[in-house]
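The lines below spell out each chain.
2 protein chains.
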Amino acid sequence: MLRSTSLIRKFTSPLRRAGTSVRSYQYKAPVKEMLFCSEEVHGFQEHYKTLNNLAGEDASPEMTPAGFKEAYDQYVDGGWQGLSYPEKYGGSNLPMSLALMKSEMMATANWTWSMFPGLSKGAINTIMLHGEDYLRDVYLPPMVAGNWTGTMCLTEPQCGSDLAQVATMAITEDEGKSYSISGTKIFISAGDHDFGDSAGSADGQVIHCVLARTPGAPEGTKGISLFLVPKYLVNEDGSLGELNNVGVDRIEDKMGCHGSPTCQMNFENSKGWLLGTKNQGMNHMFTFINTSRLGCAIQGSTAAELSHQGAVWYAKDRLAMRALSGKRNPGHEPDKAADPIIVHPDVRKNLLTQKAIAEGGRSMIYECAKIADKLADNEMLAAEGDEVAKKAAEEADDDMGFLTPILKGFLTEKGVDAAHLGVQVYGGHGYIKQNKMEQISRDVRIGAIWEGTTGIQGLDLLGRKIFLQKLKPLNKHCSKVRSFCWDTIMSAPTSKVRNHAIKVALLTLEWQFLTARIGLMAKDDREAIGSASVDYLMFAGYTHMAYHWLQMEVAAEKGLAAGTGDKEFYEAKVQTSNFFFESMLPQTKTLAKTMLSPTDAVMKMSVNQFETA
Amino acid sequence: MLRSTSLIRKFTSPLRRAGTSVRSYQYKAPVKEMLFCSEEVHGFQEHYKTLNNLAGEDASPEMTPAGFKEAYDQYVDGGWQGLSYPEKYGGSNLPMSLALMKSEMMATANWTWSMFPGLSKGAINTIMLHGEDYLRDVYLPPMVAGNWTGTMCLTEPQCGSDLAQVATMAITEDEGKSYSISGTKIFISAGDHDFGDSAGSADGQVIHCVLARTPGAPEGTKGISLFLVPKYLVNEDGSLGELNNVGVDRIEDKMGCHGSPTCQMNFENSKGWLLGTKNQGMNHMFTFINTSRLGCAIQGSTAAELSHQGAVWYAKDRLAMRALSGKRNPGHEPDKAADPIIVHPDVRKNLLTQKAIAEGGRSMIYECAKIADKLADNEMLAAEGDEVAKKAAEEADDDMGFLTPILKGFLTEKGVDAAHLGVQVYGGHGYIKQNKMEQISRDVRIGAIWEGTTGIQGLDLLGRKIFLQKLKPLNKHCSKVRSFCWDTIMSAPTSKVRNHAIKVALLTLEWQFLTARIGLMAKDDREAIGSASVDYLMFAGYTHMAYHWLQMEVAAEKGLAAGTGDKEFYEAKVQTSNFFFESMLPQTKTLAKTMLSPTDAVMKMSVNQFETA
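Taken in sequence, the protein lines are chains A and B.
Per the working numbering, residue 54 is the first one in the first sequence, and the count goes up by one each step.
Per the working numbering, residue 54 is the first one in the second sequence, and the count goes up by one each step.
Hint data in this document are derived by calculation from the structure and do not stem from the laboratory.
Virtual Cβ for every residue (Gly too), placed ideally from N, Cα, C.
One should not assume that every hint holds.
Covered, in the sense of this in silico footprint (three residues per stretch, anywhere, with C-beta under 8 Å from a C-beta of chain A), are these stretches of chain B [as the list claims (entries may be wrong)]:
1) 91-97
2) 283-296
3) 644-653
In silico contact screen, one side only, chain B against chain A (beta carbon under 8 Å); selected entries [said to hold, decoys possible]:
4) A162
5) I304
6) E305
7) K486
8) R498
9) T506
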């Protein structure tokens, strides 16, 4: 234990200094942008009025902007962990969507710092949903307060996505009340730390949610259970007792995310308690997995935002060559040695691509935040026996399940692309650590890997969420989008908006058509789904982002017509939307073709033929 | 000076250990692959017979495989620097294409190590072409022997691509025989080292080729001259004299390429000698720039090769889930806990994409190596007054100039993509430094930046190489490709080959058509070229790679028909080609659309509108 504590102490000290890092540009929370997206595009005020558990309490919708501003002013101070948790556990019972905006700003300012509270929330949600009352009452209050942190322990050396191979064992003790857990877990983010806590220990309490097998459990995923395993045992009065044999064997040296310790955890007869039902661990885990996949989507879009802010700063500052269009160029500066590089179309395309990803991604995420609010709201009523609410909760859960792999898969890959372009705008200076652009690139890279690689997301979407559910969620979604398009076409303020609405409507039809084509191919050849899945996922991502840019364009045109608000801001929205439709959305042309390419081209090669040397 | 020497010593010591790094997989030079590409696709043996300066000497074409093998066995020992240089300076006078195969293996095994000899060769070529005899006789023999290394000093803090802003000054001394050079140069790769040399200094002689201005020279690029500035002054007997006030101020901390020191060099009244003609420095520099841009292309394709070798190794080793197609899957292993991930179509697509980039890139590079041989061969005859050779040299130079931005821009970006996919195949383990996959990703990243970013390559191709030359190089190239396609269609061994040949021929027509469209747009709007250029470059890259995959497919079918050689190897070629045509080439569909998107979408936004926060 001594070893692991000193490992962690050594590791987290640079983290503490991370907040004071010197940057040539300084991240600014895009408040105007966030308000536009939450209010004018997604109508959060109206949405809050529909939430039962919120509307019935003190927290009136009017407090939103106040909480919003406070979060902006104080996000570094922390103490915001309980924002969207029940008052019963010390939370403020505000909607999840508000907590998400806070998380967005924290994630952009310092992704790795935000992983500690983020992963803790994953553990809190899991314990809240599946833990018995005696566990919730002991563990949740200090976790919701932020004094104790939490982790999720899934991966083992021999298995990541294929959790059927989990080998950690849990042996019954204490006549089934508690278990003795032994095994090795790897890639445990925020697995330990020395932040300290109010309960008096120097190095902080950590609550691990651990997947393990009980003796005699069925093979594969059907024999996995979920356990709560604390770093320190907890005394009856809530104070910390003895260490529970949970050791950090190693901290990984990674490509990026250096601010967050990725731990190999060793459990050796550590005491644990069952969460939920025995052998239902995989199902229980999906609560956490869905939340954390949306967290990855946030990672992608906030990396795009941060890299974009840096690249705009640099493109206005750095001088190189003259604009080809001379004086007519919107950034031409005749008095300087050369023009700032923001005059050059190629640089602008890089900046606009980043902007389209950051803002399109934000809108996609805010929509999911609304669904999450509805889900939580109705789940609470459903627990009291409300049948209508139960159905509404199921529907929200389905909607979320359908959108999650699209957001996770698409926004993380596009976040990597956006960070790449930010480095590109800086040229050689982007490759130098001091300028921080390459760090964004390294930090966001893990987004397309953890919580299921892009390949896994593609299979989740096309296999589990679409074909296993007989296309239902897809058809529902496409109908909803087309209905919005129809309204927009009927009332379109400009011909551009109308054309974009037509494009989106046609794309949803093509999406359904392509799904049917793959389905037909898969009848004869089961590999057709896997072979199509990543291209399919990306097609879905572009189409979904187009739907969101359409919504933003409509909201911006509304703002322009009203003549209130910031004209330049609205016009920038319209122009970015136009750029997305002209220069990015045509990627669907290629994807529509490649997802249908014959599986022979992929499967025919023997394993030996892959060796060329 | 003391400071800079100790800086370098500290820096290069880990580099020396780099050769012994532990990898889970070990790079193997793909000898079979290189022989196929050089002989069966590009007919190097026949090509060597056409080289006058080679055919007339002892070095018969038969020695190729021998030198090839030796290079493979001994590349780490060095001493290969003079392979393709004249005997007069101590070289072996072998074709440049042979030296390139040696470089390819060194670059794959250890990119940053290979930068020292690589940059030295840039300096050797520059001195050989532009230096007066009294400079060549002193500096070339020890450089060709590899005892002295060389660099190119272009970039300054305020300017990279826009060399018009170069501010380093060269003041005449010694009645014009020598100059006093003062200024700061940044991003100087291999700017210094402590390898030592045979001339007796502890920390090695370095010869810098430096861009600077003389007093009163015209502004902009027309007033830049090129100078030779040694680290140590050289005594009359060739031994090293005093230090020449060339200091290393800083070594950059970069995203990757940690094995190579990137130096900020400070020249303070350092003695230098003019290379070539005064104020013609930019022109003289293009010799070096073209070579180094092809070096970048090699960086991209070798990164794809290395990452592919690692990913194949891992995909055969790592077990996760079962193949959907069960027993019929070419990699299914029923006796193991799960199948190796190489059974899964998504993993295979990643591997095949890497393979198509590595092998397609190799073929593109070997073609350029042949052109470089012809260029060097004819330049030598032209120097003796041969008019036919002079014309042939000009033609080879034009061909090279046209292909260089395509190879540099396309292969570096695709190399980055390929390395990304390698990390993806490893999943979370790809993000861990120890597994070396993320290092390939970081090392290759600079390829798309240095020697001109992808944006600069796009402008070079479309602006300088195509429109400024009134489409001549493009039309010549497309005619040549179509002629090959026509022959292939007439004699096609399989319907697949025929279809691929038709596709390539049609793509060259589309390429010319798109060029004309952009030309028309640019008549009214000069930004049309810059706005189209990167998409255009990528279109050219895919089309050019398709031409090379077609050539490889034809050669492989020939090998299969002959019934000699490795059947599995040839079949893998045919299958990889098929994958390229089915799953990668359709990217041209999107690019053909986006390169023509209206410039309004890019240029309309004001500089202020880029600020959202």
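So, going through the hints one by one against the coordinates:
Requiring three or more residues with a Cβ within less than 8 Å of a Cβ of chain A, the coverage given for the segment 91-97 of chain B is violated, as only 0 such residues are present. For the segment 283-296 of chain B, the assignment as covered by chain A is violated, since 0 residues bring a beta-carbon within under 8 Å of that chain's beta-carbons and 3 are needed. Look at the segment 644-653 of chain B against chain A: 6 of its residues bring a Cβ nearer than 8 Å to a Cβ of that chain, three or more, so the hint holds. Contact between B:A162 and chain A, as hinted, is not supported at the beta carbon level, the nearest pair being about 12 Å apart and thus beyond 8 Å.
Against a cut-off of 8 Å between C-beta atoms, the interface hint on B:I304 is violated, since the closest Cβ of chain A lies about 11 Å away. At a threshold of 8 Å, the smallest CB-CB gap from B:E305 to chain A is about 5 Å, leaving the interface hint in force. Checking B:K486 against chain A by beta carbon gives a least distance of about 4 Å; that is within 8 Å, so the hint holds. At a threshold of 8 Å, the smallest CB-CB gap from B:R498 to chain A is about 7 Å, leaving the interface hint in force.
Interface hint status for B:T506: upheld, as the beta-carbon distance to the closest one in chain A is roughly 6 Å, under 8 Å.
The structure does not agree with the numbered hints 1, 2, 4 and 5 stated previously, though it agrees with the rest.
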